[in-house]
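Asks: These protein sequence lines map, in sequence, to chains E and R. Count the first sequence with our numbering and you get residues 6 to 568, in order. Count the second sequence with our numbering and you get residues 805 to 969, in order.
Calculated directly from the structure, the hints in this document are not laboratory data. The structure presented is a predicted model; accordingly, all values stated were derived computationally and were not measured. There's no promise every hint is true.
List of simulated lysine-lysine pairs, DSS-like, C-alpha gap at most 25 Å [claimed, not checked]:
#: 1; chain 1: E; residue 1: Lys193; chain 2: E; residue 2: Lys313
#: 2; chain 1: E; residue 1: Lys409; chain 2: E; residue 2: Lys380
#: 3; chain 1: R; residue 1: Lys915; chain 2: R; residue 2: Lys896
#: 4; chain 1: E; residue 1: Lys182; chain 2: R; residue 2: Lys967
#: 5; chain 1: R; residue 1: Lys896; chain 2: R; residue 2: Lys870
#: 6; chain 1: R; residue 1: Lys876; chain 2: R; residue 2: Lys915
#: 7; chain 1: R; residue 1: Lys870; chain 2: E; residue 2: Lys146
#: 8; chain 1: R; residue 1: Lys870; chain 2: E; residue 2: Lys182
#: 9; chain 1: R; residue 1: Lys967; chain 2: E; residue 2: Lys70
#: 10; chain 1: E; residue 1: Lys19; chain 2: E; residue 2: Lys70
#: 11; chain 1: E; residue 1: Lys146; chain 2: E; residue 2: Lys19
#: 12; chain 1: E; residue 1: Lys182; chain 2: R; residue 2: Lys806
#: 13; chain 1: R; residue 1: Lys806; chain 2: R; residue 2: Lys967
#: 14; chain 1: E; residue 1: Lys208; chain 2: E; residue 2: Lys137
#: 15; chain 1: E; residue 1: Lys300; chain 2: E; residue 2: Lys208
#: 16; chain 1: R; residue 1: Lys806; chain 2: E; residue 2: Lys313
#: 17; chain 1: E; residue 1: Lys19; chain 2: E; residue 2: Lys193
#: 18; chain 1: R; residue 1: Lys876; chain 2: E; residue 2: Lys193
#: 19; chain 1: R; residue 1: Lys967; chain 2: E; residue 2: Lys193
#: 20; chain 1: E; residue 1: Lys19; chain 2: E; residue 2: Lys208
#: 21; chain 1: R; residue 1: Lys934; chain 2: R; residue 2: Lys915
#: 22; chain 1: E; residue 1: Lys146; chain 2: R; residue 2: Lys876
#: 23; chain 1: E; residue 1: Lys193; chain 2: E; residue 2: Lys337
#: 24; chain 1: E; residue 1: Lys529; chain 2: E; residue 2: Lys506
#: 25; chain 1: R; residue 1: Lys806; chain 2: R; residue 2: Lys915
#: 26; chain 1: R; residue 1: Lys940; chain 2: E; residue 2: Lys313
#: 27; chain 1: R; residue 1: Lys896; chain 2: R; residue 2: Lys940
#: 28; chain 1: E; residue 1: Lys193; chain 2: R; residue 2: Lys896
#: 29; chain 1: E; residue 1: Lys380; chain 2: E; residue 2: Lys193
#: 30; chain 1: E; residue 1: Lys136; chain 2: E; residue 2: Lys193
#: 31; chain 1: E; residue 1: Lys313; chain 2: R; residue 2: Lys870
Each chain, letter by letter, is given below.
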Amino acid sequence: MIMTGAEAIIESLKNESVDVVFGYPGGAVLTLYDALYQADFRHILTKHEQGAVHAADGYARATGKVGVVIATSGPGAANLVTGIATAYMDSIPLVAITGQVAVSLIGRDSFQEADIRGITTPITKHNYLVKKVEDLPRVLKEAFYIARTGRPGPVVVDVAKDVFAATVDYQYPQEVKLRGYHPLFAGKSETIDQVFEELRLAKKPLIFVGGGVNLSNSAEALRTLVDQTGFPVISSLMGLGCLASDHPQFLGMVGMHGTYAANMATTECDLLLGIGVRFDDRVTGLLSEFAKKAKVVHFDIDPAEINKNVMSHLRVVGDLNWSIPALLERIKDISGELKEQARSWTEHVLTWQREQPLTYEQDTELVMPQAIIEKISQLTQGEAVIVTDVGQHQMWVAQYYGFKNSRSLLTSGGLGTMGYGLPAALGAQCGLPDRQVILFVGDGGIMMNCQELATAANYNFPVKVLIFNNQTLGMVAQWQRMFYGGRYSHTGLKGNTDFVKLAEAMGVTGLRVTKPEELDRVLKEALATPGPVVVDIRTPETVDLLPMVPAGARLDQMILGGS
Amino acid sequence: MKHTLAVLVENRPGVLTHISGLISRRAFNIESIAAGYTEEPDTTRITIVVEGNEVEQEQVVNQLSKLVDVIKICDLTAVESIHRELALIKVKASVETRADIINIVDIFRAKIVDVNRETMVIELSGHETKIDALCKMLEVDHGIIEIVRTGKIALARGPIPAKDQ
Chain E
6 MIMTGAEAII ESLKNESVDV VFGYPGGAVL TLYDALYQAD FRHILTKHEQ GAVHAADGYA
66 RATGKVGVVI ATSGPGAANL VTGIATAYMD SIPLVAITGQ VAVSLIGRDS FQEADIRGIT
126 TPITKHNYLV KKVEDLPRVL KEAFYIARTG RPGPVVVDVA KDVFAATVDY QYPQEVKLRG
186 YHPLFAGKSE TIDQVFEELR LAKKPLIFVG GGVNLSNSAE ALRTLVDQTG FPVISSLMGL
246 GCLASDHPQF LGMVGMHGTY AANMATTECD LLLGIGVRFD DRVTGLLSEF AKKAKVVHFD
306 IDPAEINKNV MSHLRVVGDL NWSIPALLER IKDISGELKE QARSWTEHVL TWQREQPLTY
366 EQDTELVMPQ AIIEKISQLT QGEAVIVTDV GQHQMWVAQY YGFKNSRSLL TSGGLGTMGY
426 GLPAALGAQC GLPDRQVILF VGDGGIMMNC QELATAANYN FPVKVLIFNN QTLGMVAQWQ
486 RMFYGGRYSH TGLKGNTDFV KLAEAMGVTG LRVTKPEELD RVLKEALATP GPVVVDIRTP
546 ETVDLLPMVP AGARLDQMIL GGS
Chain R
805 MKHTLAVLVE NRPGVLTHIS GLISRRAFNI ESIAAGYTEE PDTTRITIVV EGNEVEQEQV
865 VNQLSKLVDV IKICDLTAVE SIHRELALIK VKASVETRAD IINIVDIFRA KIVDVNRETM
925 VIELSGHETK IDALCKMLEV DHGIIEIVRT GKIALARGPI PAKDQ
């Protein structure tokens with residue numbers, strides 16, 4: 006069928022079952038926007054390209070589908086960079102379609118020209134520059150396939166302006182032919198046998214779950230594995246939710262702000278089953294001392310993750326939807342033995358959990374940030390889709406929210422992008438209109454993309470935005486307090502911003518909490534109010550996020566604190 | 805230790821950017837890199853010499869393999885193979901010194917490919933150590949004006965091509 010390049014893109018989006026795109030128009034993508042208009046394709050207009058890309062990311066994390074973002078050439082595309090890097094670090098499937106100047110103008114420093122392919126090369130799974138309209142259908146087919154399969158990730162498709170208007174005899178390829186890309190599903194079955202042998206020998210086994218479990222939708226299988234083995238479980242930030250936080254074998258998050266029990270169990274275990282994890286430095290602390298008494302078994306789909314940070318004794322390379330069921334099949338007859346074998350160890354680690362639980366100051370006239378999260382956890386029964394920004398509040402959410410479901414925590418874990426939260430929450434709400442979406446954000450982070458409150462109002466996305474307003478850049482200030490002699494260099498945020506008025510100016514309901522006794526009532530009111538709501542919650546300035554393993558220290562060298 | 809990798813990639817624009825970008829981002833220690841067309845017009849072959857221990861070397865291979873445009877990587881360090889580099893050396897050569905240079909060139913089985921009243925250009929292919937040795941001789945006794953080297957290329961002995969290994 007003869008059509009323009011722009012129409013071919015819309016057709017390809019339909020062929021990929023894309024039902025919504027996020028974006029911002031501009032000169033180089035005018036023809037594409039004309040085609041969107043004529044096709045009446047669902048498009049969410051954000052207020053900034055960075056908002057659009059984070060929204061597409063939030064949509065992808067919440068739904069498991071590929072998020073799609075469109076931006077114009079030059080500044081439009083460059084504004085996507087932080088969002089693409091965020092998605093890349095957390096392995097989120099995205100396709101970013103950017104306009105490029107016309108073929109004849111490429112390389113001449115033309116108006117609104119930027120080499121977005123070059124710029125995004127280190128932060129994409131793959132990228133393309135399309136200069137011939139005939140290449141478009143194949144490139145889009147490949148882009149979606151690459152973004153979604155194997156270890157997911159963002160793909161940029163940069164399209165020269167004249168390609169949108171050129172005509173092509175459109176035919177969407179049935180299959181992808183890539184000589185250099187063969188995502189793995191099943192790995193070697195003998196590796197499962199080897200893991201089985203290690204399980205039988207282990208006296209102090211520990212399961213460590215990561216973002217890979219959420220991304221691969223293998224939480225159900227993982228939960229069965231946890232039940233069948235009776236082993237204690239720790240999680241990375243990205244793995245939260247794949248096992249319910251109140252599961253009796255769950256010790257909480259491990260790492261820099263992990264629980265005492267999780268960090269001690271990691272230090273003492275003799276077998277560590279890392280499932281869909283990448284042993285980030287925020288998890289391992291001092292790498293040379295990490296899980297030193299343990300044999301490490303690393304389950305991952307990406308062979309390059311093996312021995313990247315932590316040396317593994319056994320590698321199980323393949324999709325978790327292959328490896329976990331294969332292991333379950335292998336251990337089904339010895340479930341009782343495994344539980345018996347690890348019983349005294351499991352009881353021991355649970356004692357740590359009881360003796361050193363997470364604590365914070367209760368007896369105060371101030372609204373403690375941890376109390377806000379516990380209250381929301383209780384009001385939503387752990388069923389909400391939780392989005393965070395980056396900083397202290399992010400870690401407190403990881404510690405105190407009682408997650409029930411996989412894919413229920415959307416957070417910028419790898420890149421740690423401030424300003425991520427609000428647009429990501431909008432994307433999540435767009436993808437899951439019937440779910441309660443709650444954003445926790447600091448007074449620093451909200452200002453990095455606060456323009457998207459207007460988007461929330463325009464589309465009536467009923468996101469509840471809880472601002473932890475401590476008038477300071479809490480996490481950085483904490484480090485200044487602990488390691489820089491209390492010299493608060495530019496971390497004070499005392500200003501005249503009235504978040505209630507800001508919300509109202511953007512067409513969003515604004516509420517405020519200043520005293521602990523108001524918390525319950527105002528949060529209930531916020532949850533019950535239709536449409537988007539901002540709650541400005543005044544929290545104390547100097548609350549330390551604990552426990553904390555100082556950067557570069559061993560996991561068992563925690564600063565515990567608490568009241 | 806040094807590893808010589810034969811990397812077969814799609815012959816498309818931007819592939820070298822992807823490879824060099826990855827090498828720089830992951831801070832891999834690359835000694836030389838040489839690229840050229842192959843017997844298949846849609847395939848480019850890149851020979852990379854990488855310095856590092858086994859673990860580092862495995863990371864290089866695994867990370868490069870993740871690039872969509874990388875078709876195959878073959879480690880030629882362990883297999884019997886032929887390693888060559890080509891150098892062009894421009895050396896100072898007066899009427900008086902020409903004879904000595906010709907002698908040296910003969911000993912190294914190099915070739916003189918250009919000559920004028922003041923200089924000569926010498927072409928030599930072989931192991932990098934051989935090229936190093938010739939350069940040293942010429943530099944000490946005659947003075948080198950400029951050198952260009954291709955970086956190492958390598959091919960396994962025997963009938964099986966890298967793509968089928």
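Asks: Next pair to validate is E:Lys193 with R:Lys896; report whether the Cα-Cα distance is within 25 Å.
Replies: violated, 61 Å
Asks: Does E:Lys313 lie within 25 Å of R:Lys806 when you go C-alpha to C-alpha?
Replies: The hint holds at about 19 Å.
Asks: What's the verdict on R:Lys876 and E:Lys193, does the C-alpha distance respect the 25 Å limit or exceed it?
Replies: The given pair, whose Cα atoms are some 20 Å apart, holds under the 25 Å limit.
Asks: Can you confirm whether the C-alpha distance between E:Lys409 and E:Lys380 stays at or below 25 Å?
Replies: holds, 15 Å
Asks: Would you mind confirming whether the straight-line C-alpha gap from E:Lys19 to E:Lys208 stays at or under 25 Å?
Replies: The given pair, whose Cα atoms are some 53 Å apart, is violated under the 25 Å limit.
Asks: Assess, step by step, whether the Cα of E:Lys193 is no farther than 25 Å from the Cα of E:Lys337, and give holds or violated.
Replies: OK: E:Lys193 and E:Lys337 at ~19 Å, within 25 Å.
Asks: R:Lys896 and R:Lys940: Cα distance at most 25 Å?
Replies: Holds, at roughly 14 Å.
Asks: Just to be careful, I want the Cα atoms of R:Lys896 and R:Lys870 compared with a cutoff of 25 Å; is the pair within it?
Replies: Answer violated: R:Lys896 to R:Lys870 is near 47 Å, above 25 Å.
Asks: Straight-line Cα separation of E:Lys529 and E:Lys506 no greater than 25 Å?
Replies: holds, 20 Å
Asks: Keeping to a limit of 25 Å between CA atoms, is the pair of R:Lys940 and E:Lys313 held or broken?
Replies: violated, 40 Å
Asks: Between E:Lys19 and E:Lys193, does the CA-CA distance stay at or below 25 Å?
Replies: violated, 37 Å
Asks: Sort out whether R:Lys967 lies within 25 Å of E:Lys182, counting only the CA atoms.
Replies: Holds, at about 17 Å.
Consistency note: the structure conflicts with the earlier hints numbered 5, 6, 9, 12, 14, 17, 20, 25, 26, 28, 29, 30.
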